[in-house]
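Engineer: Anchor point for the sequence shown: position 26 equals 26 in our numbering, and the numbering is continuous, going up by one each time.
Rather than coming from a laboratory, the hints here were simulated on the basis of the structure.
Yeah, the Cβ is synthetic: ideal placement off N, Cα and C, and Gly gets one too.
Everything hinted at is true.
In silico EDC-like links for lysine to aspartate or glutamate, alpha-carbon gap of 20 Å or less:
(1) K301 - E253
(2) K67 - E2
(3) K270 - E287
(4) K160 - E118
(5) K4 - E62
(6) K6 - E118
(7) K308 - E273
(8) K160 - D193
What follows is a list of derived Cβ distance ranges for each label pair:
(9) T115 - Y24: 26 to 32 Å
(10) P101 - N135: 29 to 35 Å
(11) K138 - N89: 36 to 42 Å
(12) E142 - K285: 53 to 59 Å
(13) K180 - S330: 39 to 45 Å
(14) N96 - L369: 54 to 60 Å
(15) T115 - Y312: 48 to 54 Å
(16) S334 - Y258: 41 to 47 Å
(17) K146 - K85: 29 to 35 Å
(18) F341 - K381: 21 to 27 Å
(19) R223 - P69: 49 to 55 Å
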Amino acid sequence: MEEKIKTPKFAYLMGYFTADGCFYKDNWKNTCQFEFTDGYGDKKELQHSYQFVKNIKDLFEEQLSKKIPKIRQRGNRYVLYFKDKKLENIFKNKFNFQPGPKSNKINIPKYYKKTNLEKYFWLGLMDGDGIIAQNGRKIALEMCNKNLVVDFQNFLKKNKIITELKEIKPENRKGYISDKSSFLTIIKSPFYDKYTSLIGFIHPRKQNWLIKHLNKGMYSKNRTNIKPLLINKKIIDYTKIFDQRIFIVKGKEILKKYKIGFKSRRNNVKFIELYQDLKNIGISKIEFLKEISNYRFKLSKGSTNSIKMPLYINKKIIHMIKFIRPHSGSLGLSRCHVKSFNKNPQKIIKSIENIFDIKARYTSKDVPLFCSGVLELFFSKILTKDLKEYKLPKWYKDLKC
Numbered sequence: 001m002e003e004k005i006k007t008p009k010f011a012y013l014m015g016y017f018t019a020d021g022c023f024y025k026d027n028w029k030n031t032c033q034f035e036f037t038d039g040y041g042d043k044k045e046l047q048h049s050y051q052f053v054k055n056i057k058d059l060f061e062e063q064l065s066k067k068i069p070k071i072r073q074r075g076n077r078y079v080l081y082f083k084d085k086k087l088e089n090i091f092k093n094k095f096n097f098q099p100g101p102k103s104n105k106i107n108i109p110k111y112y113k114k115t116n117l118e119k120y121f122w123l124g125l126m127d128g129d130g131i132i133a134q135n136g137r138k139i140a141l142e143m144c145n146k147n148l149v150v151d152f153q154n155f156l157k158k159n160k161i162i163t164e165l166k167e168i169k170p171e172n173r174k175g176y177i178s179d180k181s182s183f184l185t186i187i188k189s190p191f192y193d194k195y196t197s198l199i200g201f202i203h204p205r206k207q208n209w210l211i212k213h214l215n216k217g218m219y220s221k222n223r224t225n226i227k228p229l230l231i232n233k234k235i236i237d238y239t240k241i242f243d244q245r246i247f248i249v250k251g252k253e254i255l256k257k258y259k260i261g262f263k264s265r266r267n268n269v270k271f272i273e274l275y276q277d278l279k280n281i282g283i284s285k286i287e288f289l290k291e292i293s294n295y296r297f298k299l300s301k302g303s304t305n306s307i308k309m310p311l312y313i314n315k316k317i318i319h320m321i322k323f324i325r326p327h328s329g330s331l332g333l334s335r336c337h338v339k340s341f342n343k344n345p346q347k348i349i350k351s352i353e354n355i356f357d358i359k360a361r362y363t364s365k366d367v368p369l370f371c372s373g374v375l376e377l378f379f380s381k382i383l384t385k386d387l388k389e390y391k392l393p394k395w396y397k398d399l400k401c
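Could you build the full structure based on these sequences and the hints that come with them?
Structural biologist: Given below as structure tokens:
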């Protein structure tokens, strides 16, 4: 039995025990009992709890080389109870786990720390105490044991995943009553894809949510696909970006300059019509783009918001693409998202204001918004999500019975 301690399956089980397992003395029979529980309030999701506890049962049966009692349902949770003298001795003598409440000073066992088994331990821990939001972006670990949370944070840092550590005071904890603080390490959004490849989840419910989020692009990064929209690798070809909705403010001046039927035209001219008019008299596309770079752009005839559009692509525009979020008729920017890259959000806000000659407006929560349908259309065209088909890490196969 002891030879199995330094194996992926045992490392995983110890990680899960450290998170959600119980080891206590049965005073009636003077023996020790192990208990593992998983549940969920939503009955539709409860089946995943059974699948998970069944997997834990199968793993223990393989390690112990014997059958253990069946899983029992207790309301909205499934419980696995069993006794085993050999496992009890290993817990006491090899891991220094004594029957009763787990100490909040437990560290990652020496058998796994800084070895190729460490990731299996953390996977078990995350399947137990890891957090993934069903409809949000949050991936985190929350425990009262600060030592373990910091150890996990250091493991992620070693693998180039940046996290944020928070202390949650007892009075601020939600969901259950405790007189102790808990510690939360939050994986920052730019590193979700790395986390899913490094550890992820094998708990069926958490894994399903993770895959659903990945397939929706919830954790994906912004990328640029600007190259097909450039002329000579630097001039932005707006004829491939803008449509009939875009107007050139005071575009009539351009028609007047080239003496193209300007008398009957309105002051603001549709971008596409202006391009066709100049093209018909032999003005090249590059000349046209240079001409309109001196004017302002707006979306729709009745709009009062107008902005400048640059002739050339530049590094500042490429840089801001990572952080912006196009909305309906506007452009948003998350300060927290920018800070997670260790960048200054104020610099990006200033870059947008200077390049496009537009002032940010701020919501009641102090979130900067750039109210321009032209900006929203421009960035929607030049950015794409870095969508990848999620594949389970190959090393998960080491945990199959």
